[in-house]
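Protein chains in written order, with my numbering: chain A, 1 to 265; chain B, 1001 to 1784.
Mixed in with the good hints there might be a few duds.
No more than 27 Å apart at the CA atoms, straight line, and that leaves these computed lysine-lysine pairs for DSSO-like [said to hold, decoys possible]:
1. B:K1010 x B:K1021
2. B:K1443 x B:K1023
3. B:K1596 x B:K1566
4. A:K39 x B:K1021
5. A:K39 x B:K1023
6. B:K1651 x B:K1622
Computed far set for chain B versus chain A, every beta-carbon distance over 12 Å [what the hints assert, rightly or not]:
7. R1406
8. T1609
9. A1709
10. D1715
Ranges of calculated distance between the beta carbons of each label pair, as one might list FRET restraints [as the list claims (entries may be wrong)]:
11. B:Q1033 x A:M1: 25 to 35 Å
12. B:M1200 x A:T11: 40 to 50 Å
13. A:G80 x B:R1693: 30 to 40 Å
14. A:M1 x B:P1160: 39 to 49 Å
Derived from the structure by calculation, the hints contain no laboratory data.
From the three backbone atoms N, C-alpha and C, an ideal C-beta is built for every residue, glycine too.
Spelled out from the first residue to the last, the chains are:
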Amino acid sequence: MHSTNYHAATTAAEAASLLSSAEDGALLAGGQTLLPTMKARLAAPSDLIDISRAEELRGISVTDGTAIIGAMTTHAEVAGHAELRSAFPALCDLAGRIGDPAVRHRGTIGGSLANNDPAACYPAAVLGTGATISTNKRDIAADDYFEGMFATALDAGEVITSITFPIPDAANYQKFAQPASRFALVGVFVAKSADRVRVAVTGASEEGVFRWTNAETSLSSDFTADAIGGLSVSSQGMISDLHGDGSYRANLVQVLTARAVAAAS
Amino acid sequence: MSQGIGAAVKRKEDKRFTTGKGKYTDDIRMENQAYAAFVRSPHAHARVNSIDTSAAEAMDGVIAILNGAELTGDGIGNIICGWAITSKDGSPMNMGAWSALATEKTRYVGDAVAIVIAETNAQARAAAEAVDIDYEELPVAASLAAALSDGAPQIHENAPGNIVYDWEIGENEATEAALAGAAHITKMDITNNRLSPNPMEPRSAVAIYDDAEDHYTLYTTSQNPHVARLVLSAFYNVAPEHKLRVIAPDVGGGFGSKIYIYPEEIACLWASMKTNRSVKWTSDRTEAFLTDAHGRDHVTKARMGFDQDGRIVGFKVSTKANFGAYMSLFSSAVPTYLYATLLSGTYNIPNIYCEVLGVYTNTVPVDAYRGAGRPEASYLVERMIETAAREMGKDPADLRNINFIREFPHQTPVIMNYDSGDFEGNMRQAMVAADWAGFGARKAESAMRGKLRGIGMSCYIEACGIAPSAAVGSLGAGVGLWESAEVRMNPVGTIEVLTGSHSHGQGHETTFAQVVADRFGVPIDTVQIVHGDTDKVQFGMGTYGSRSGPVGMSAIVKALDKLEVKIRKLAAHLLEASEADIVIEDGQVKVDGTNKVLAWHEVGLAAYTGHNLPEGMEPGLKEGAFYDPLNFTFPMGCFICEVEVDPQTGKTEILKFVASDDFGTIINPMIVDGQVHGGIAQGVGQAMLEEVRYSEDGQQLSASYMDYAMPRADDLPDFDVLHHSTPCTTNPLGMKGCGEAGAIGTPPAVINAITDAIGNNDLSMPATPAKVWAALNSATIAAE
């Protein structure tokens, strides 16, 4: 690891200020991607601004129809939150299957969304529910937030503060793990609300997380696994790598969507 | 005898391993310690035009930056391969020069070009990145196919066509004639996937030069410190043997990858002398992927012929073996004498012929890895016979059974002479445990849930206890493969065993003590096992090829025999009895049928005071032995694997895994079962998860755990481990060895099961979900 200056910020405003004064600063959330990257000498920020201890960025509140999760809330906290689990079990299940226990006790929802790994799980839930990402500057709708692999609508110096999920009537996340990394080789989040069905797919596309709108249309009129049976996804633009080619991933999108619908509760 | 042979006592060494008190090479800290970092080639094949160290040398903490020209200028020799293989035409193998630091060319990504010595690890690494090397990239051959293609780049000048050797064994004409008369011939093309060994502890070295004594000490992650000292001294000219001490302290797993003497250890020793500093280097995981010797990587075409009754009449095999960029220490023997000699499997095969083409590629050197040649042979034989059964419509167990060898000793057509075994007995035991007969009902139940169930077996055999020195010498080995031991009984009666074997996870501190406890009835806590230090232990050959039991413990038994003779003689004298009446049991020496007895410490004290010894007896109690095995040993067994495949995703779940092994005598069943569990896990890794992949330009695509899939607990079922032992007839304890069997027998059982489930035999390892799904779809298309 290259040498770096460490700062601990206690508020989002302080973090933004420290970031703006750093030569080549980076926000440190749970560090589950950034720190391994630095250890491999593939990243060398001059300054690390640790926001994981900022109390105002932590915590979960569940109100009528909405779950608000602070950006620095860990996956383990989301997975283990009783009130959230009774209101929105699909989100707790998703968080409980990210990485391993060590990752889940350090990694945060805000860190995951800021990084926007094309195989991360949280982007599927955020896009799949149409959640809102709040920053120190503004609120960003999920449909406007994800801009491709590792790319987001965040501006330089912008700090995610919380995520607001509309709690769906029924939802499920199906994850097919890549055998080595256990990231999603493909993950599908299906959410049904009174007025709409949303289907978000992670792990599959070279463009990052995306909505499978054909499936949404079919499911809006018939929310059954059978409604997916006649649909297929093009393998064009799907990721091909050591663990599966585009046609395999396209198949998984179809299979996992059907399973998510069947399992949605 | 609660702690002797056969007792499942807990491991003495585990307290320190499980409480963080183990002392590994990286735990060694010297007062004048500096750190090494290596400048490595980013190109798989490149000419080194110039090395500019000026910017790096000016950086904080940099002590020295040394290169290959300086290394060879100081007379450091090229890295050797220790087993000379002769080609069909009588020519010696083509050894490409391998300098610890590349001089003119680099031949794989990670090839070391320079060593940076600095005050801290971070400074050394930063400076290594600042070394500016002008490379001229050359065309790359990163696979067997590329290296053997027309116009392939020449990797070593003295290896035309990138051929290391073109070797053969067995009778070609007789085998062809047998195949010509066969009623059925099974043909297969089989690939054995390339693996990275991944011991938990990465390689590490601490080199300590003492200029006052002109003496070197090397702490290193080695499975065989004496061999390291010999090679470093005799071939690399680091120092004469008496001026070089090699210590392999606690070592966290090896799997073969720590047999070899790598460039880093050589360069650190030399750099320690050049800088007059102690030099530490510890590999990180990326360096481990890039530089630890890989395993396997064979491509094979084979034909197996059967008569009308299903008896095998001939087996012809043509294998291409990828050796990587350079010939590593044992590499040449792996696809020849450790592979082709096992092609008879557990079967009576009258005619076998095998030819092996060894090939250089622009990849990391390939050498022995848990099983070393025998997994490749076992996979080939057991996939062939399973496939033949399917083609001929025969029950795979029945086809194996009519071909099993039943009389011993059995001479195969490919050198090996099997001493013992009950092949059918093992298979039957495994079949009962696996409820082989009830499989049909379980398959139907899976089908009702939309799942595909399959079952597969493998009846492997392998060769351990390497090996009779004269025999391996006649086949080209540069060393003898005996083992040494010294047993010292102290004046207070405690016992020290100094062994040439080396424990890097095997539990020798427990099992070796059990052998002593079994002999004298003393508690294992009074027995200390000393190993891994060339200044403490007499020359020994080390641990690999499951040899510590059959060879290492045999040497201890020989030394114990000598010690017991002296103890009896001394006791008879002290107790005024006949030697024939002396009984040693429960840590006491007694005269049979009397109440005359000596406590154990009284024997030791008498020997060391020397006040009252028999006429002519020397004081003290210390005996040594060198044991040269009479034959290889032949562990064998039957593994049965049952799987369920999800046809929509191709995901395979192992539902049941039965291993029934014949390891001969078992010293500690708990440790043996642990070896089997680990071996099966690695076998499942090869079969379903692990593969080193290179791009065409020689970049390793799988060089991290994000892409290289190691087996994890939830990939594996609860194993059903059984034993059906017939003692080995050629060593004193009747041991056969158990360290590699799991890794050898597992892959064919798994692939036989998955291919049974999906109805498509065209499936290569690792059988990932994507590949199983693709194989299912191509089978479906073919069926339509």
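Going down the list of hints, with the structure as the test:
1. B:K1010 x B:K1021: holds, 17 Å
2. B:K1443 x B:K1023: violated, 50 Å
3. B:K1596 x B:K1566: holds, 18 Å
4. A:K39 x B:K1021: With Cα atoms ~26 Å apart, K39 (chain A) and K1021 (chain B) stay inside 27 Å; holds.
5. A:K39 x B:K1023: holds, 24 Å
6. B:K1651 x B:K1622: Not satisfied, since the Cα-Cα distance of roughly 59 Å exceeds 27 Å.
7. R1406: At about 42 Å from chain A, R1406 (chain B) clears the 12 Å cut-off, so the statement holds.
8. T1609: Given that every Cβ of chain A is farther than 12 Å from that of T1609 (chain B), nearest at about 59 Å, it holds.
9. A1709: violated, 4 Å
10. D1715: It is violated; D1715 (chain B) is separated from chain A by about 8 Å at its closest Cβ, not greater than 12 Å.
11. B:Q1033 x A:M1: 25 to 35 Å: Check failed, 20 Å falls outside 25 to 35 Å.
12. B:M1200 x A:T11: 40 to 50 Å: This hint holds: roughly 42 Å between Cβ atoms.
13. A:G80 x B:R1693: 30 to 40 Å: At roughly 38 Å between Cβ atoms, R1693 (chain B) and G80 (chain A) fall inside 30 to 40 Å, so the hint holds.
14. A:M1 x B:P1160: 39 to 49 Å: For P1160 (chain B) against M1 (chain A), whose Cβ atoms are near 46 Å apart, the range 39 to 49 Å holds.
Checked against the numbered hints listed earlier, the structure breaks hints 2, 6, 9, 10 and 11; every other hint is satisfied.
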